[in-house]
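> Could you build the full structure based on these sequences and the hints that come with them?
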Amino acid sequence: MSFVEISKLVKSFGPEVAVAGVDLSVEQGEFVTLLGPSGCGKTTTLRCIAGLEHPDSGDIQIEGDYVTSVTNEIFLTPEERNLGMVFQSYAVWPHMTVFDNVAYGLRIRRETRAAIKEKTTKALDLVGLGHLAERYATKLSGGQRQRVALARAIVYNPKVVLFDEPLSNLDAKLREHMRIELTRLQHDVGITSIYVTHDQTEALVMSDRVVVMDKGVIQQIGDPESIYAEPTNAFVANFIGVANLMEGKLLGHDGELTDLEIPLGDGSAPIRLKATGAEGAPVGAKIILSIRPEDILLHLEKPAEAMNLFEGEVIDTVYLGNFLDCQVRVGPHEVGVQIDHFEELDTGQKVYLSFTPDHGLCLTE
Amino acid sequence: MATDTAAPQIDVAPPRGWRTWFTQENIITTIVGLIVAVAVIVPLVALVINSFLVLDDLGFDTEWGLQNYRDIFHGHVIRKALVNTAIISTGCTILATLLGVSLAWINARTNCPFREQLEPFNLIPFFLSPFVGAIAWHNLASPKVGLINNMAKTAFGIDFPLFNVNNLWGVIWVTGIFFAPLVYLFVVGSLRRMDPSLEDSARTTGAGLFRTTMTITLPLVTPAILSGAIIVFVTTAGEFGVPFKLSAPFGWETLTTQIFTKAVGDDANHYLGAAMSMVVGVVTAFFIWIQHRIIAPRSYTTVTGKGFRPNLIDLGRWRWLAFAYNLSYVCVAVFLPIICLFFVSLHKIWSGRIIWSELTFWNYQKVLFFWWPESIQAATNGIINSFILAFGGASIAMVVAIIVSYMIHRTKGFGARLLDFLSVIPIGFPGIVLAMGVLVTYIRTPIYATLWILLLGYITRFFPYGQRNISSIMMAVSEELDQSSRMAGASWLTTLRRITIPLLKPGIFAGWILLFVIFLRELSISIILYSAGTETLSVGVYYLSNFENEPMTSALSIAQTVALLICIVIFRKVAGKEALTA
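Line order of the protein sequences matches chains A and B. Sequential numbering of the first sequence, starting at 1, is according to our numbering. Sequential numbering of the second sequence, starting at 366, is according to our numbering.
Hint data in this document are derived by calculation from the structure and do not stem from the laboratory. None of the values given here were measured: they were computed from a predicted structure. Backbone N, C-alpha and C fix where the C-beta goes; we use that ideal spot for every residue, glycine too. One thing to keep in mind: the hints can contain errors.
[To be verified] Computed, partial: chain A to chain B, Cβ under 10 angstroms:
1) Ala-50
2) Gly-51
3) Pro-78
4) Glu-80
5) Met-85
6) Phe-87
7) Gln-88
8) Pro-94
9) Thr-138
10) Leu-140
11) Ser-141
12) Gln-144
13) Ala-149
In structure tokens form, the structure reads like this:
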């Protein structure tokens, strides 16, 4: 039994199904991110854990105790769950000082005056706001409010801290800074965290495990490396990073490798390629080949020997500082290629592309 | 970063010639600005000056002095009126705040059944005439002709009058239920637009429902409650119709009824009237100043611009009690008064009992058929004049409002700040006070005793209401939309006509109807400024109430109420549900 255990969670708003059967377990001290586009059900899942939404069905257990169980008719109110939560809008109370905001949870727990003072000061120092304790929340910047919200959520040592897109209202520089700080803090305090975001960088940088969601369903769970390198379906491949997706047909399995062909239409012969993945799929099955732009090699001349070689025509190049982003037309497909050597490329120029089989990933629908 | 290069030489442009000042924008805004300044400031200055003029015993000559103020604070009658005004305003503020806050909370934050159906009814009293409400409650609960008292007598044999509204309590009751929507509007907006995560975070931090409500929700809406309460206090202090109908005839005068007596009638003394207006005006202006300078800036911006679903509290079985409470409010503030007036209007003589065999529409003929020689002139004049004033007044006031808002939000400098200030001032002075100022200013000019002086009074007092409607939209619409039009080659006027005004259209129409409603029921300005031939609807009601009888009064009241109710329906269609919430 994991520390947080969610099973068969379903929640709809009217006819719209927000969460369609989510199962998830989170270990103690783990930092798990729910990642997905807006409307994928990640925030609703989080709010169900918090007790701010009543799910239609499913159970949620924390430390082995039910906090929500539709079948057993158990529903603990948010205040009975002993969790901390950081909201997207920070939700720092404008009629209280920074100190009072953070001390709120301790006062509710009837801690002694001395303990409140000590713990609040410690939490404020932890987020670097010790010097602003007596200031009103309305006089703070966005980043400072975010820290108040964070201190407020961790000060009473809750079982789990829930983060609902806490960095999305900050500007890019500050977001990056807070991301690092949050990660450091989470490691120092070692608190179990469930974090919701639509920002893949945030998810990849901060998490122990990433849960990719779409349309109310979990698409993939895994550590950041495997989510990026081994997406299990086209949605994950495309959502995490950038991927070239081309539809094709499975021809057969050759040991570790998979043979496939990509039709080019217009009477041209299909290109035959070797890649990995789709191990269980039968011959002739429809598959999607996913290749990251940085994994494709671009050649000006036809190389003597190269695997997975095919030709294309340059459509456009964009200079991006440390690399060149090049769009190449291959039959009906536009393939994005990232190159770091600066070739002179003209629009309409014929080029050759190749990739090693381990960088091509076959995905089934 | 240090740099060695010298700052480039800048050619200082020669001062621009005065000719360049004459642009469409500058000419039009300056003219309108000056008119507004004159219209607002002159009556107030005149009021101050006149309040220090003392009429001699013969009533012909005046001299400078403080005798008017001495009369107010030492004269027995007026001092009592001052005390009564204070009691009524305080009592009404407490009642209206309790009603407004509780109803707002029920509607915005609970699962009270049918609240969406009840909500529009909660706002109806805001649009109706409190004077008519007083007439209705007079007929419902005065000792002799009160319908409720007589029904109690017939049904239960209660010999003594069960209720008596002909005293200060009656005035507090009627103003309280009629002004509750003012508080309601302030608070319901604040409750609805509050970021629900402010409360959610209290819940996840460990606070229960009750504690969250007391430590988070209530403190956050406190500025809205205080703002609403102050508006109610000021409105009540300037309210004329209700005390005039309910308490003044029974010896409970207020400052407003005293000002009225001093402005018209046989012992008219404009100078004393001006001094009394000053006393009321100083107090109300002070409170409005507090609201604007101290309370409004402290209201918490809890909005983050997202569409929120506010947290609803499950009241369980208690929700039916909340429903009953809200329904009772709607009954005493809307249904009972209108039904009672309707029945009274169908009698030739009202004795406090419905006599089913004698019901007739006779009174409606008397007060509505203006082509009929036997109709009552004051009433039929009132209908025609009020529609002229409401239509013309609302239209002109909205033009002023648009230009004033434009100046406040799209220009900089002294003019913008002055107009911002000028458009708050009329709100600080009750209609009757401003009307006294207008009266003493224009009494010796040709516009006295014409509809023009009424029009002037209406627009001066109420254009800020239209201006607020426009300003709130103008702040939300980017200035760059105007500027792009100028860049594309359009003149200032063309931009105003083709870009700015079309963008403001919903606000303009909502503001227009709101002013139309206000003007259609206006009493306290009209009562000071009207003369024979320029009666308004409410003056007609006043006339009938004073010189004719209750059934005829009720007939005209019903006619006015029906007109207002039609406007409410149009207003809601045009402006949508949230239009009024502060």
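> Determine for every hint whether it applies to the structure shown.
Against the structure, the hints:
| no. | hint | result |
| --- | --- | --- |
| 1 | Ala-50 | holds (5 angstroms) |
| 2 | Gly-51 | holds (8 angstroms) |
| 3 | Pro-78 | holds (4 angstroms) |
| 4 | Glu-80 | holds (8 angstroms) |
| 5 | Met-85 | holds (4 angstroms) |
| 6 | Phe-87 | holds (4 angstroms) |
| 7 | Gln-88 | holds (7 angstroms) |
| 8 | Pro-94 | holds (4 angstroms) |
| 9 | Thr-138 | holds (7 angstroms) |
| 10 | Leu-140 | violated (13 angstroms) |
| 11 | Ser-141 | violated (15 angstroms) |
| 12 | Gln-144 | violated (16 angstroms) |
| 13 | Ala-149 | holds (7 angstroms) |
Violated hints, listed in ascending order, are 10, 11 and 12; each of the other numbered hints is respected by the structure.
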